[in-house]
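Sequences are here, hints too, so could you generate the full structure?
18 is the number of the first residue of the sequence shown in my numbering; add one for each residue after it.
None of these hints come from the bench; they were simulated from the model. Since we're looking at a predicted model, the values are computed, not measured. There's no promise every hint is true.
[As the list claims (entries may be wrong)] Here are the simulated SDA-like cross-link-like pairs (lysine to any residue), alpha carbons at most 25 Å apart as the crow flies:
1) Lys-52 x Gln-19
2) Lys-44 x Ala-70
3) Lys-44 x Val-62
4) Lys-44 x Ala-69
5) Lys-52 x Ile-37
6) Lys-44 x Ile-88
7) Lys-44 x Asn-56
8) Lys-52 x Ile-20
9) Lys-44 x Gln-19
10) Lys-44 x Ile-58
11) Lys-44 x Val-54
12) Lys-52 x Ile-80
13) Lys-52 x Phe-42
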Amino acid sequence: MQIDPTIVTAIMALFGIGVIGIVEFVKRIFGTTGKAVVNFIITAVVSAGATAAYLVQADMFSIGMFIIYSILIFGEASGLYHVFAKKTA
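Pasting the structure below:
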C-alpha cells in the first residue's frame, strides 16, 4: 500500500480547523495541562476519529488504511514526528 501525502494533509485540515486545533480545544476543555498520558489518549482518539471520518467520506475506508493513516495523523497532531513537513535549509 502506497501512502499518499495529500491524504495526510487533507485529514489534518479536516473540517477547516484542523486536527491539531480540535485536539487543543478538547485538551483545554478537560484541563489536561501537564498530563502527558491523558493528552496522548485525547490526541489518539481525535486522530482516529478524523481519519475514519475522512476515509469514510472519501469512500476509501479499509482497516489497513485506517491504522496506517491514524498512526501518521497521531504523530503529526501530537508533534512526535512530522513525516510530511517540508524541510528547509
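*asked:* Under the constraints set out in the numbered hints, which ones does this structure not fulfil?
replied: 1, 8, 9, 12
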